[in-house]
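Participant: Read off the chains here:
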Amino acid sequence: MNEGISFNLSWMAWTQPVAIFFIAIAVMLVVFGVLQFVMPTYERRGFLPVPTTRGDRLFMSLLGAAFIHLIWLAFSDASLLFASGISVVYAAVMLRWG
Amino acid sequence: MEKREYQWAWLMVLPVVLVVAFSAIMPLMTVVNYSLQDIFGPNSRFFVGTAWFTEVLRDPALHGALIRQLLFSAAVLLIQIPLGVGLALCLPKKGPWVSVSLVLLALPLLVPWNVVGTIWQVFSRPDVGFAGVILNGIGFDYNYTGDSLDAWLTVLVMDVWHWTSLVILLCYAGLQAIPDAFYQAARIDGASRWAVFRFIELPKLKGVLLIAVLLRFIFSFRIYAEPFVLTGGGPGNATTFLSQSLTTMAVGQFDLGPAAAFSLIYFLIILLFSYVFYLTILNMDREG
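Chains A and B, in that order, are what the protein sequence lines are. Numbering-wise, this note's numbering puts 89 at position 89 of the first sequence, and it's gapless, one number per residue. Here this note's numbering runs 1000 ahead of the position in the second sequence, where the first position is 1.
These aren't lab readings, by the way, just hints derived from the structure by calculation. Careful: at least some of the hints might be erroneous.
The following label-pair restraints were derived from C-beta to C-beta distances [to be verified]:
(1) B:LEU1271 <-> A:LEU80: 14 to 24 Å
(2) A:SER76 <-> B:VAL1100: 12 to 22 Å
(3) A:ALA19 <-> B:LYS1206: 39 to 49 Å
(4) B:GLY1086 <-> A:GLY33: 43 to 53 Å
(5) A:LEU80 <-> B:PHE1140: 48 to 58 Å
(6) B:ASP1147 <-> A:ALA78: 41 to 51 Å
(7) B:PRO1092 <-> A:PHE22: 45 to 55 Å
(8) A:ALA19 <-> B:PHE1219: 48 to 58 Å
Computed footprint of chain A on chain B; a stretch qualifies when at least three of its residues, placed anywhere within it, have a C-beta under 8 Å from a C-beta of chain A [stated by the list, open to error]:
(9) 1051-1065
(10) 1079-1086
From chain A, some residues computed to sit far from chain B (all C-beta separations above 10 Å) [said to hold, decoys possible]:
(11) SER10
(12) VAL27
(13) VAL30
(14) GLY85
(15) TYR90
(16) TRP97
We treat Cβ as the ideally placed atom computed from N, Cα and C, and that holds for glycine.
Just chain A, with the same shape it has in the complex (with noise of 0.2 Å):
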């Protein structure tokens, strides 16, 4: 009768791209993580206006590629290929130099 708790998640409507893109990030926290252990990361200050951790410089990565993809979504029809290669470099900048 009772067939005990279901961790059916097809309500969350999976997609392959999704959960790649989601193992991506959720590696990429962990990798941070670990490495906050092994080497922990101290504030500096880059060509940003604020003194920034590792973690602050990821973020701030992560969150200007959302928008480079946004803002290739709005105004080019080209392969959005290009947003990420921008935001690859963009990240870099942002890691080795925020």
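Assemble chain B onto chain A, guided by the hints.
Facilitator: Relative to chain A, chain B alone:
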């Protein structure tokens, strides 16, 4: 030793992370999934890629709603922050009137949002409403149901009535926290009232004001119930803000895919502004 404690502190956050995972992250993941699909029913959905994002980002109606929303939030901040500071400065600092003033000021904050809309709908009606009848009686051609500017001003005044108290209470708390020694030093130096405000009170209120700005921005940027009840978004689309456009799309038209894409864009805009405010507050705290 300190470094080790700092690192283990992150593990203490784990229970909160789990709660947030179920209450916020899983629904957010669902919205992301919906934003990439055309949903016809629980078992009938098709992957459409970023088509909904492109459609939403290029929709002139939503551009209009975004511009109205930004203008509304800017107007709210420009009015409520100076007004809140000014009224907080006028409140008594000691004595029995302090409690009376604070309770009276807190009253609008206790009224549910949809009730605020109903109160102002009745209050502003040009035929039987107290404010509407008086404004028309003294010569203004006031009709918030037919005139866009009147509707805008009514929604704005309603929001000022509802939320300025929050700014006042925050500023009042900030003012009460300033030690008397600062005022005594200013008196000895013969500082004017303006100088006391400019060089003592305002710098000390900096942190509180940023929190007030952040809260008022977030609340005003996602305003829904009050204008929905008062004007229904009209006349035309004059007072249709982002949240109402979103609700119409998701619940009215049942366009779940575009509504999900719209929700994510809406969320990212609020996240961006909140993060900028957060960094500013943090930086100001450091600078002292």
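Participant: For every hint, state whether the structure bears it out.
Facilitator: Hints, verified against the model:
1. One distance hint, 14 to 24 Å for the beta-carbon pair B:LEU1271 and A:LEU80, holds here, with the actual separation near 21 Å.
2. For A:SER76 and B:VAL1100, the hinted distance range of 12 to 22 Å is not satisfied, since their beta carbons lie about 60 Å from each other.
3. A beta carbon spacing of about 44 Å between A:ALA19 and B:LYS1206 agrees with the range 39 to 49 Å that was offered as a hint.
4. For the hinted restraint 43 to 53 Å between B:GLY1086 and A:GLY33, the CB-CB distance of approximately 47 Å keeps it satisfied.
5. Checked against the given bound of 48 to 58 Å, the beta carbons of A:LEU80 and B:PHE1140, roughly 52 Å apart, stay inside it.
6. A beta carbon spacing of about 44 Å between B:ASP1147 and A:ALA78 agrees with the range 41 to 51 Å that was offered as a hint.
7. Remark: the range hint 45 to 55 Å for B:PRO1092 to A:PHE22 is upheld by a beta-carbon distance near 54 Å.
8. Here the CB-CB span from A:ALA19 to B:PHE1219 is close to 34 Å, at odds with the stated 48 to 58 Å.
9. Here's how the region 1051-1065 of chain B fares: 4 of its residues keep a CB closer than 8 Å to some CB of chain A, so the rule of at least three is met and the hint holds.
10. Chain A is given as covering the region 1079-1086 of chain B, and this is violated because 0 residues of the stretch bring a CB closer than 8 Å to a CB of that chain, at least three being needed.
11. Its beta-carbon lying about 8 Å from the closest one in chain B, A:SER10 breaks the requirement of being farther than 10 Å from that chain.
12. Every C-beta of chain B lies more than 10 Å from that of A:VAL27, the closest at about 15 Å, which supports listing it as non-interface.
13. At roughly 12 Å, the least C-beta separation between A:VAL30 and chain B is larger than 10 Å, which holds for a residue marked as non-interface.
14. Consistency note on A:GLY85: stated as away from chain B, and its beta-carbon is indeed over 10 Å from all of that chain's, at 16 Å minimum.
15. Every CB of chain B lies more than 10 Å from the CB of A:TYR90, the least distance being 15 Å, so the non-interface label holds.
16. Listed as outside the interface, A:TRP97 is consistent with that label: its C-beta sits roughly 17 Å from the nearest C-beta of chain B, beyond the 10 Å cut-off.
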